[in-house]
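Protein chains in written order, with my numbering: chain A, 1 to 262; chain B, 1 to 389; chain C, 1 to 296; chain D, 1 to 314.
To be clear, the hints were calculated from the coordinates, so they are not data collected in a lab. Cβ coordinates follow ideal geometry from the N, Cα and C atoms, glycine included. Incorrect hints may appear among the rest.
Pairs of lysine to aspartate or glutamate, EDC-like flavour, derived with a Cα cap of 16 Å [claimed, not checked]:
1. B:53 x D:280
2. B:53 x B:304
3. A:131 x A:146
4. D:110 x C:39
5. D:7 x A:143
6. B:260 x B:304
7. B:71 x B:60
8. B:71 x B:336
9. B:260 x B:381
10. A:78 x A:65
11. A:113 x D:180
12. B:141 x B:381
13. D:134 x B:184
14. B:53 x C:39
15. D:134 x B:97
16. B:72 x B:134
17. B:338 x B:327
18. B:72 x B:327
19. A:131 x A:143
Here are some, though not all, of the chain D residues that point toward chain C, as calculated from beta-carbon distances under 10 Å [unchecked claim]:
20. 52
21. 106
22. 108
23. 111
24. 116
25. 120
26. 127
27. 130
28. 156
29. 282
30. 283
31. 288
32. 299
33. 300
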Amino acid sequence: MSALAAENVAIAFGGIVAVDGVSFSVEPGNIFSIIGPNGAGKTTLFNIMSGIYRPGSGRILLAGEDVTGLEPHRLAAKGLARTFQNLQIFFRMSVVENVMVGRHLREARDLMKALFRFPSVGHQNRATREKARELLAFVGLADRADDAAGSLPYGGLRRLEIARALALEPRLLLLDEPAAGCNPVETEAVEGLVREIVRSGITVVLVEHDMRFVMRVSDRILVLDGGKKLAEGTADEVRRNPQVIAAYLGRYGSKEAARARS
Amino acid sequence: MTKPFRGVMLLTIAVACMALAMAVSNALAQDIKIGASLSVTGPASFLGAPEDKTLHLYVDKINAEGGVLGKKLQLVIYDDGGDPNKARTFATRLVEEDKVVVVVGGTTTGATLAMAPIFEDAQIPFVSLAGAVEIIDPVRKYVFKTPHTDRMACEKIFEDLKARGLTKIGMISGTDAFGKSMHEQCLKVVGNYGITVLADESYGAQDSDMTPQLTNIKNAAGLQAVVNPGFGQGPAIVTRNYKQLGITVPLYESHGVASKSYIDLAGPAAEAVRLPAAALLVADQLPDGDPQKPVVVAYKRAYEKATGQPVSTFGGHAYDGLFIVIEAIRRAGTADPKRIRDEIERTTGFIGTGGIVNMSPSDHLGLNLSAFRMLEIKNGDWTMVTATH
Amino acid sequence: MDGFATMAEFLQFAFSGLTVGAVYALVALGFTIIYNASDVVNFAQGEFVMLGGMVTVAVSAAGIPLPLAALFAVALAVGVGVALHRLAIEPAHGASPVVLIIITIGASIFIRGVAQIVFDRQFHKLPSFSGDAPFVLFGATILPQSLWVMGGAGAIVVVLHAFFERTILGKAVLAAAANRLAARLVGIDTRLIMTLSFGISAAIGAVAGILVTPITLTSYNVGTLLALKGFAGGMLGGMGNPLGAVLGGLLLGLVEAFGAGYLSSTYKDGIAFVMILVVLFVSPRGLLGRRSVERV
Amino acid sequence: MRGIFSKRRMTLLVLVALVAVLPLVFPSGYYYRVAALVWISALAAVGLNILMGYAGQVSLGHAGFFGVGAYAVAIGPARLGLASWICILLGAAASGGIAWLVGRPILRLKGHYLAIGTLGFGVLIALVLTSEAKWTGGPDGTSVARLAVANMRISGPTAWYWISGFVLVFGAWLALNLEDSPAGRALRALHDSEIAAALGGIDVARHKLWAFVLAAVYASIAGSELALFDGFITPDTAGFLHSIELVAMVVLGGMGSVLGSVVGAALLTTLPQLLTVFVEYEQALLGLIIMLAMIFLRLGIVPGVQRMLARSAS
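Go ahead and model the full structure; you've got the sequences and the hints to work with.
So this is what it looks like as structure tokens:
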């Protein structure tokens, strides 16, 4: 059974078809990448998979279960987590609190107990904080735990989002351009993180512009163009696909195409 | 200096100034302290502002003439903006901080009723300047008032309607405290005069157009007159809309518009409008034998000279309140609050702007219907309706 | 009641609603212009209306002819609007929307506080521009001044439209409203645009105040209620859409008038707000507001 | 943050100390009254801060719930013969219930649309209280029976100072507990990003709704306190201007800060008392102070001062 599958998913905004009948399937434990030129529908597809948009037609299956149109928080409860291309950090909170929020579903959430501060609430806070610190150590932010989230550099915020997503203990992690805006050193760090995440048994789906990064880490790659599926396969298959080359060459010149092949 | 710091500095300075001023106000303890909490600002400010001016005017005048019992009067006035909660706080402040011996004022009924228990508990006499009959009915030992009640205004209007043989009326009332209270009182007594209310409409205190409501009243079959309990700018707009719609039956306003500004605001539309009001408005037209004439003429002259604004009955209520209190203090020969209270209750034959006041333990207003005059607006001025038909 | 009387009644309510609604529409328009330029919801908008009326009253009482007095009032309101932007809104640049709202509320309290010292606390009127003899139309009556109000509102809308569509400056305002950063990148002085918007808003408010004072009278504290109603009208139409603001304002006035006439004059404000709530539940961004797509 | 625990306890400690020590410098009952009014307003502000400061949802109609609580203790004992303290609870339950019912549709609105939605709702409550004079006494208001416990009448500024002070400390304790709990973190998270919060497994609609209900209950209890304290209440307490005042307290003091809400309430309650010496300049000064405070301390007084202190220390 696949970890995540899309069946003929389509969505249109005001007559403009953003995603047009896309199907794919992600095997558990894989790194599955979605690439394509700007406006190809990558982030829209991500938003459909994470319940932010409801598709006009088609189905989304999470571990074989139809989750089409389910609200984001219900998807989270089913083991889906994601990060955002446009960072969605809780800037009013500290770094560690951002990650603690990610533990929400793993915590007892009785409102009355919280209001009257039963001893269990304090214990749980400590446990959550401990777990959050571990995750921060994992992404390399241990020493920034008590700082205001807003004080982190850009690359740090990307890693903070990953730590927050991991706090959910997901089965499936959607990473929306995790290396965007990162320098080569930071990108390498992100790559290492992604590999470790997969090693721990989490399936990863990612959207990314950095072709070298994608080609290195992906088990399978889905290429979108104009909302439609252009190709799907391993890095090698995609690299050699004449349609992909044409699409990149035709529209974005040889440089991108060359980068895709390297 | 950093920007935020400057902000804090300003706040600190402001607070310090206030503290200083509070200290100063406590210093002059030998005077007779008269307190007041008035709606100098807010929706009832056109009542509170003339009250405020009147109190200042006459307290200065009395002090210039040597004060009362050889002591100066000291006036402590707070502006409650018509907010009863604020008024109550100021009442506490007058009692506990300023240690006043008597209080004049409370512009609105809400503020008055919120303050009354404080003065009752502290045993400080309190002469309210607000309209509603609830203030003195049932009688509270320490609470008095000077303006005619809204119920009296209703009765005066209905009396006049009955005399003219008009029995089918429409009512359009403000939903503010004044309009609503008078509306209730009118409905309570309307049956006594054999008058029926065909249409009963209302408008918000700050509404700017009442033609829909007046259209409904106009369409009531057999309509013979319209009564408009309300104060502020509302009645002026009602009067203009009335004219605009071409309604021809007589229009009655209430004592809530008893100031010249109503005629100014309503313009020619106010012609032939009738309303019950105190003699003050027609001071110069009173016959020479009228006992009220010297009092109202003097007040009118003094007020208009000092403020440059036309006199209103609202300021007159404050005049009456102040002089009832001062005469009581003179009779008591002391500034002891309890003695002042007793003397206020013994007020008899006091000639004020609102009428001749005769108080008693069961009547803390002391005015009867004769204190009201029925006025009609002719040629842009008040005239007395003398003979009833 | 026969058909003619029913019709007369209906028209009478409609005239009332359109007159009041035109004022709401102008206040809502003022809200919208400032909101588009700066994302600020300006709760001091009602004070511009007050200034328009009160300054005209005060200046004409000093013997200045009415048109000149009105001109002066508009100029003064524009000055206050510009000062509001430069002295209160701009220094708080980057503060959260609620903080900016509180600043404008503080400003409205301040302007009211100064107005009651400079002027007084009485109600005032202005003479009607074309007399007080009402026109009769199918049994309903309408004052010439109401036509002035509606016509004035219409003229302002037309002039604004021409300004936005036909002039470079107007287009710059629109560009800044659509995307401030992009506008700055193409060389538009967004600071100037914001100040200009506050000025335009103040002028619209003041004109509304002058037009309506002969009908509704004015005093130092007429602004609060108008701000409330104008804001409601603007939101009803869809914040940020000038056409929506006009539509929302007119609709609010009409619903109040018909509500007072046909249902209950006591609950007419309630009827209006129930309508607003229902509209927002069905269409959470007002009648003409843009549907938003979550972007992440 | 190490600070979370200490911040929570410090805030409580400061509040308890204030309530306990202030009477030592009070020369008269008037001060008790003003302070009691501060505690009462602060309770409503602390509640509103849960909705506005934590969750970032504006309510411009919150005085409506204040009014429900106030009129519950006015109408219940007088018309239904219920004990006042039961009416406090009934009023709180009614406010919470109303908030729960209207909250779902209203809280779907965002930003300024939420502002107008809540504003409209508040106007409706005030309108009912003004218009249904048979029950509420109309715009002139109605008197409220004194609170009686075991046949003892509780009235007067001193008694109410202690009651309102205790209730405020208790309310602040609850709010601080909430802040440092999964639900509190959820609220503060959705303030910044509803989408990220939702994908963190947080039921955003439900959390907003509970914040709304809690804030309504706080306001209702504060309203009951004021009505019982004053012995008299008018519909103005439920009106638009009072709603604005409550919002201003939270924002002036500092959104998200419990202590800030108390400071904001203190400022806006005492300023009119302090400014009386300026007579007719009172209003203009009040507006000026609000503007200046917000321009120079845009985070609000308490967070703003905290930041200044932190900066000058480093």
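Structure-based check of each hint:
About 12 Å separates the Cα atoms of residue 53 of chain B and residue 280 of chain D, which keeps this hinted pair within 16 Å; it holds. Straight-line distance between C-alpha atoms of residue 53 of chain B and residue 304 of chain B comes to about 11 Å, which keeps the hinted pair within the 16 Å bound. A distance of roughly 14 Å separates the Cα atoms of residue 131 of chain A and residue 146 of chain A; the hinted pair therefore holds under the 16 Å criterion. Distance hint between residue 110 of chain D and residue 39 of chain C is fulfilled; the C-alpha atoms sit about 14 Å from each other, no more than 16 Å.
Between the alpha carbons of residue 7 of chain D and residue 143 of chain A the distance comes to roughly 21 Å, so the proposed pair goes past 16 Å and is violated. At most 16 Å may separate the alpha-carbon atoms for a hinted pair to count; residue 260 of chain B and residue 304 of chain B meet this at roughly 12 Å. Between residue 71 of chain B and residue 60 of chain B the alpha-carbon distance is near 13 Å, which keeps this suggested pair within the 16 Å criterion. Taking the CA atoms of residue 71 of chain B and residue 336 of chain B, the gap is near 13 Å; set against the 16 Å cutoff, the hint holds.
This hinted pair checks out: residue 260 of chain B and residue 381 of chain B have alpha carbons roughly 8 Å apart, not beyond 16 Å. Pair hint residue 78 of chain A plus residue 65 of chain A holds up; C-alpha atoms about 10 Å apart against a cutoff of 16 Å. Distance restraint check for residue 113 of chain A and residue 180 of chain D: the Cα-Cα separation of roughly 12 Å lies within the 16 Å cut-off, and the hinted pair is therefore satisfied. Restraint check for residue 141 of chain B and residue 381 of chain B: not satisfied, since their Cα atoms lie roughly 40 Å apart, outside the 16 Å limit.
With a CA separation close to 10 Å, the supplied pair residue 134 of chain D and residue 184 of chain B stays within the 16 Å bound. A threshold of 16 Å between alpha carbons decides the hint, and for residue 53 of chain B with residue 39 of chain C the separation of about 44 Å lies outside it, so the pair is violated. Restraint check for residue 134 of chain D and residue 97 of chain B: the C-alpha separation of about 37 Å exceeds 16 Å, so the hint is violated. Taking the CA atoms of residue 72 of chain B and residue 134 of chain B, the gap is near 34 Å; set against the 16 Å cutoff, the hint is violated.
Between residue 338 of chain B and residue 327 of chain B the alpha-carbon distance is near 15 Å, which keeps this suggested pair within the 16 Å criterion. Under the criterion of a C-alpha separation no larger than 16 Å, the hint pairing residue 72 of chain B with residue 327 of chain B is consistent with the structure, at around 15 Å. A hinted pair counts as satisfied when its Cα atoms are at most 16 Å apart, and residue 131 of chain A with residue 143 of chain A qualifies at roughly 15 Å. For residue 52 of chain D, the shortest C-beta to C-beta distance to chain C is roughly 7 Å, which falls under 10 Å, so the interface hint holds.
Because the closest C-beta pair between residue 106 of chain D and chain C is about 8 Å apart, less than 10 Å, the hint holds. Checking residue 108 of chain D against chain C: minimum C-beta separation of about 6 Å stays under 10 Å; hint holds. Satisfaction of the interface hint for residue 111 of chain D is found here, the shortest Cβ-Cβ separation to chain C being roughly 7 Å, below the 10 Å cut-off. Checking residue 116 of chain D against chain C by beta carbon gives a least distance of about 4 Å; that is within 10 Å, so the hint holds.
Of the supplied interface hints, the one on residue 120 of chain D holds, with its beta-carbon coming within about 4 Å of a beta-carbon of chain C, less than 10 Å. Interface restraint check: residue 127 of chain D against chain C, minimum CB-CB distance 5 Å, threshold 10 Å, status holds. With a least beta-carbon distance of about 9 Å to chain C, the hint placing residue 130 of chain D at the interface is held under the 10 Å criterion. Hint status for residue 156 of chain D relative to chain C: violated, with the closest Cβ pair at about 33 Å, above 10 Å.
Taking 10 Å as the C-beta contact cut-off toward chain C, the hint placing residue 282 of chain D at the interface holds, the least distance being around 7 Å. Against a cut-off of 10 Å between C-beta atoms, the interface hint on residue 283 of chain D holds, since the closest Cβ of chain C lies about 3 Å away. Satisfaction of the interface hint for residue 288 of chain D is found here, the shortest Cβ-Cβ separation to chain C being roughly 5 Å, below the 10 Å cut-off. Interface hint status for residue 299 of chain D: upheld, as the beta-carbon distance to the closest one in chain C is roughly 8 Å, under 10 Å.
For residue 300 of chain D, the interface hint holds, since its Cβ comes within 10 Å of a Cβ in chain C; the closest pair sits about 8 Å apart.
Hint compliance for this structure: hints 5, 12, 14, 15, 16, 28 are broken, all remaining hints hold.
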